[in-house]
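Asks: Residue numbers (my numbering), protein chains in the order written: chain V, 1 to 146; chain G, 1 to 146; chain R, 1 to 146; chain U, 1 to 146; chain D, 1 to 146; chain S, 1 to 146; chain L, 1 to 146; chain A, 1 to 146.
Bear in mind the hints are in silico, worked out from the structure with no lab data behind them.
Quick reminder that beta carbons are idealized off the backbone N, C-alpha and C, glycines included.
Watch out, some of these pointers could steer you wrong.
Have a look at the derived ranges for each label pair, beta carbon to beta carbon [what the hints assert, rightly or not]:
(1) E132/G - D38/D: 52 to 60 Å
(2) K26/U - N27/G: 51 to 59 Å
(3) D38/D - Y57/G: 43 to 51 Å
(4) P29/G - K77/D: 44 to 52 Å
(5) K22/R - F145/A: 54 to 62 Å
(6) K77/D - K88/G: 23 to 31 Å
Below, a list of computed lysine-lysine pairs in the DSSO-like style, where the Cα atoms sit at most 27 Å apart [stated by the list, open to error]:
(7) K26/R - K77/D
(8) K77/A - K77/G
(9) K24/U - K126/G
(10) K126/V - K77/U
(11) K90/S - K26/S
(12) K90/A - K126/L
8 protein chains.
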Amino acid sequence: MELTVYLAGQIHDNWREEIAQKAKVKNLPLQFVAPQTDHDRSDNIGEEILGIQPSAYYKDNAASDINNFRTQVLMQKADIVIALFSEKYKQWNTAMDVSTAIALNKPTIIIRPESLIHPLKELSNKANVTVETVDQAIEVIRYIFD
Amino acid sequence: MELTVYLAGQIHDNWREEIAQKAKVKNLPLQFVAPQTDHDRSDNIGEEILGIQPSAYYKDNAASDINNFRTQVLMQKADIVIALFSEKYKQWNTAMDVSTAIALNKPTIIIRPESLIHPLKELSNKANVTVETVDQAIEVIRYIFD
Amino acid sequence: MELTVYLAGQIHDNWREEIAQKAKVKNLPLQFVAPQTDHDRSDNIGEEILGIQPSAYYKDNAASDINNFRTQVLMQKADIVIALFSEKYKQWNTAMDVSTAIALNKPTIIIRPESLIHPLKELSNKANVTVETVDQAIEVIRYIFD
Amino acid sequence: MELTVYLAGQIHDNWREEIAQKAKVKNLPLQFVAPQTDHDRSDNIGEEILGIQPSAYYKDNAASDINNFRTQVLMQKADIVIALFSEKYKQWNTAMDVSTAIALNKPTIIIRPESLIHPLKELSNKANVTVETVDQAIEVIRYIFD
Amino acid sequence: MELTVYLAGQIHDNWREEIAQKAKVKNLPLQFVAPQTDHDRSDNIGEEILGIQPSAYYKDNAASDINNFRTQVLMQKADIVIALFSEKYKQWNTAMDVSTAIALNKPTIIIRPESLIHPLKELSNKANVTVETVDQAIEVIRYIFD
Amino acid sequence: MELTVYLAGQIHDNWREEIAQKAKVKNLPLQFVAPQTDHDRSDNIGEEILGIQPSAYYKDNAASDINNFRTQVLMQKADIVIALFSEKYKQWNTAMDVSTAIALNKPTIIIRPESLIHPLKELSNKANVTVETVDQAIEVIRYIFD
Amino acid sequence: MELTVYLAGQIHDNWREEIAQKAKVKNLPLQFVAPQTDHDRSDNIGEEILGIQPSAYYKDNAASDINNFRTQVLMQKADIVIALFSEKYKQWNTAMDVSTAIALNKPTIIIRPESLIHPLKELSNKANVTVETVDQAIEVIRYIFD
Amino acid sequence: MELTVYLAGQIHDNWREEIAQKAKVKNLPLQFVAPQTDHDRSDNIGEEILGIQPSAYYKDNAASDINNFRTQVLMQKADIVIALFSEKYKQWNTAMDVSTAIALNKPTIIIRPESLIHPLKELSNKANVTVETVDQAIEVIRYIFD
Chain V
1 MELTVYLAGQ IHDNWREEIA QKAKVKNLPL QFVAPQTDHD RSDNIGEEIL
51 GIQPSAYYKD NAASDINNFR TQVLMQKADI VIALFSEKYK QWNTAMDVST
101 AIALNKPTII IRPESLIHPL KELSNKANVT VETVDQAIEV IRYIFD
Chain G
1 MELTVYLAGQ IHDNWREEIA QKAKVKNLPL QFVAPQTDHD RSDNIGEEIL
51 GIQPSAYYKD NAASDINNFR TQVLMQKADI VIALFSEKYK QWNTAMDVST
101 AIALNKPTII IRPESLIHPL KELSNKANVT VETVDQAIEV IRYIFD
Chain R
1 MELTVYLAGQ IHDNWREEIA QKAKVKNLPL QFVAPQTDHD RSDNIGEEIL
51 GIQPSAYYKD NAASDINNFR TQVLMQKADI VIALFSEKYK QWNTAMDVST
101 AIALNKPTII IRPESLIHPL KELSNKANVT VETVDQAIEV IRYIFD
Chain U
1 MELTVYLAGQ IHDNWREEIA QKAKVKNLPL QFVAPQTDHD RSDNIGEEIL
51 GIQPSAYYKD NAASDINNFR TQVLMQKADI VIALFSEKYK QWNTAMDVST
101 AIALNKPTII IRPESLIHPL KELSNKANVT VETVDQAIEV IRYIFD
Chain D
1 MELTVYLAGQ IHDNWREEIA QKAKVKNLPL QFVAPQTDHD RSDNIGEEIL
51 GIQPSAYYKD NAASDINNFR TQVLMQKADI VIALFSEKYK QWNTAMDVST
101 AIALNKPTII IRPESLIHPL KELSNKANVT VETVDQAIEV IRYIFD
Chain S
1 MELTVYLAGQ IHDNWREEIA QKAKVKNLPL QFVAPQTDHD RSDNIGEEIL
51 GIQPSAYYKD NAASDINNFR TQVLMQKADI VIALFSEKYK QWNTAMDVST
101 AIALNKPTII IRPESLIHPL KELSNKANVT VETVDQAIEV IRYIFD
Chain L
1 MELTVYLAGQ IHDNWREEIA QKAKVKNLPL QFVAPQTDHD RSDNIGEEIL
51 GIQPSAYYKD NAASDINNFR TQVLMQKADI VIALFSEKYK QWNTAMDVST
101 AIALNKPTII IRPESLIHPL KELSNKANVT VETVDQAIEV IRYIFD
Chain A
1 MELTVYLAGQ IHDNWREEIA QKAKVKNLPL QFVAPQTDHD RSDNIGEEIL
51 GIQPSAYYKD NAASDINNFR TQVLMQKADI VIALFSEKYK QWNTAMDVST
101 AIALNKPTII IRPESLIHPL KELSNKANVT VETVDQAIEV IRYIFD
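Could you build all of it, start to finish, from the sequences and the hints given here?
Replies: Rendered as structure tokens:
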């Protein structure tokens, strides 16, 4: 039984590769999908496909159409959603993705540092499991196969 | 991860073959499904299967049963819906298909010429992405796999 | 038992007032809701609230947000949807509204002239009832109370 | 037709009273509901009802149960959700509430300053309407009754 | 707490009036709705509103549109569905109505004579309660208020 | 694209084998599932598994549990439902199965003789397509693959 | 805004009256509904309406039909579900009711003594809030109105 | 057609291995999934992954997050749910799992000893089939393939 895992969250470091690598080492039958992790690509995709927009606002408008399209296609294929929050970013997309996943009845894991316990308390309360490290998230998924 | 794409819209030129050809060139793992594209076949299918009807109205009635049956079967299999509008046609079926897809939470792309921006503005607003060319639609889907 | 009826369709004549007047004469316990019927207001509402936009495209974009918001609020309150099509207009919004209503399991009536039988055949097939006149639509609703 | 409006978002100024006041001046038939706006009360409600918890983490845990209970009860009563974002706060609860509302098919309005266009672009894209001021949000709702 | 009860089933005797009368005697706060019980009216309603049809088949076609419209409007208002089967009739509409009600999660009661136990066994199995008399059905509903 | 077809309806002749045979001749990629077609087996399955019941009523009760279990498992796997009605039987199970399929948004085909047009008119109106012969039903499905 | 509260759980003491009384003292706008709290009535209702059954098993069978009918009608009217567990009873009905409520997206409160923390841990985890006393449950609901 | 079966219920003997073994002997195309059956592992999984908790209550809290996550992932993959009850245990998780399965429209079988007929009567009433032995449950599933 192979499971598909959507990896929501910040795109500023290589935590997705780390998860994929660790899952491989543990021989977990997982396929990973994710939003666009090249930040510039994600910001520019609207103008890249639709052409130059009249201002930064409309450039964002065009990019968000296509980023949301990608997320909707891939999240519908997911059996599990993992969302990682970090201290430095607003990450409203991450909160949006995990809330959407919960509303769609997808099992969800939040990864966040101890310092974010308070601002994320209501979202953690709705997710299935909240952990602090990538390794713990992997352990939670591995438990399914034990 | 192969995705199934339903191609709604006018059946008066070969835009579906064009999309399929371009997807193949780009090695995108897509399977395409569509309504009946032989216009006469689509109009006559009711009488072809059920026999001669008492008037044009009842002929249309019988054909629409079977065309809607086909669309319902194939759209339920689709991960993505692309709908193409052209200037010359009423295309209420296209508006119906894309609205149904949106209500079923299927990710949707509308292709329409610049001249149709105004009459399609509310429908575009509900779809995920609106573009002007077949090439742009292909690029939006390709972005999922980047 | 009062019922709420959403009146989708063209906004170029006073068919909504006609329906409301006829329902009143027959003492039917109906409340009517509808999209914005002042065409200019509907086209300008985006700029009216959000300010001048950079081009006609963005003006349409802004207006459609608010028109769709209105429709979504009111259609969710509706027990019945009536959609009127006329020969002169594209009326993709009407096809969108009736398709959305059907997907939401709202009972629907289409009113269309005989000349539109063919292009509307698949949409008529999905609606509950298709008639040619406002009086017939009123009769269909009156039948609920008989 | 009275409508119930859930007011999600920051609880650090009196924007909810401002909206209620302005709706009253315009005679809009609206009833407003909201999360707990007394910040200390919201943080302490877990311990207030369940007793002292072993640490800040468990205090948050207990509070979030009851805050989410309140939100779920009141949002299910809402016909419309307005979510206000401000520059200073993380507001993941606001992103969670508006995402949940969208997933439940509730019509939604986001209010956010121009400076937040970029980080909120994907969430704005999913909401019905995004505006910059409380007055604009009121105008969007007033449009329903015109 | 007033409850609305949809009374599906044969229209060849006055069992609906009997139920309404008995509910009134017991002071149960029930409102009853039902399909058209005038059999001729029900058969002729298509031609009555839409005009003469080319054959009996098309007359039935037109009538069924409007009968199903009525049922859909009223069943959506119902809190409870009672379906009565009798020996003499095919009553596929009754089986359709009760199956639809079950699929919509409406609590359902079947009334049928002992002689129909065998052919109705699977349908009875899906309904909440099966009884043999109108009085028993009233008792089942009265139990809600005890 | 292989499709699974649930064959509801009477179990007194070999129409299911006929459909399967004709689909094979036409090379249609179809997999067929069905209720128990051995009538005695279907009536006795409750006592076969659960032991002797105190009367015919309880025997039917026990059998219907298991027959409905089977139908629910298999219908959830189906992409299409075909329901065949014949003149001689009550076939309330068939009406139940096709109504359930329609409520679950499964595309449906009814096969019934001309003599049953009138009693089945409302059920036909809700199904996608109604035909008179097994060959016509096969043609409707073949049309999906053209 | 009046809320309806379904009170699931054991029927061996008067905790429901206690809740109703306390809600009244605090002027909370609540309407309470519940299963049959007369234990004998609940056990005998099947035979009371349907007549003597062949054994205790069939008596239970008949009673459960009618008890589940009552619960389904009343829970669908509820905005909130409170479920009380006590040490002495199996209370599988209570676990069933609260699980059904959660699956229907009803906000839920569990009341249970400290001694039941362990066996109820997974159910508590799915409910919104778990408390130990009736007074705490009332406080959680009062918080909605603060 | 392979089916996936979720085996809910007590984890104190090897009934799951027994079912799997018997299914294999009968060549039934079944894949089995289940909750964690190592009782200590299930109780300790929270502390195993998240570290030592401040008390038994919080240890249970942490374990239940992860056990419910596992159940949600695996039950969503299941075509059928079997739930086994025994006399000695409270088994509220089993009642929760089967109720959730029923609410999700999963076909369900309950296995329970005769002594539990009375306390499980309402839950049995909602499940598809109730039997007394593992062998009977296997027979019910085998009937699908006959």
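Asks: Please name the hints from earlier in the document that this structure breaks, with their numbers sorted from lowest to highest.
Replies: 3, 6, 9 and 11
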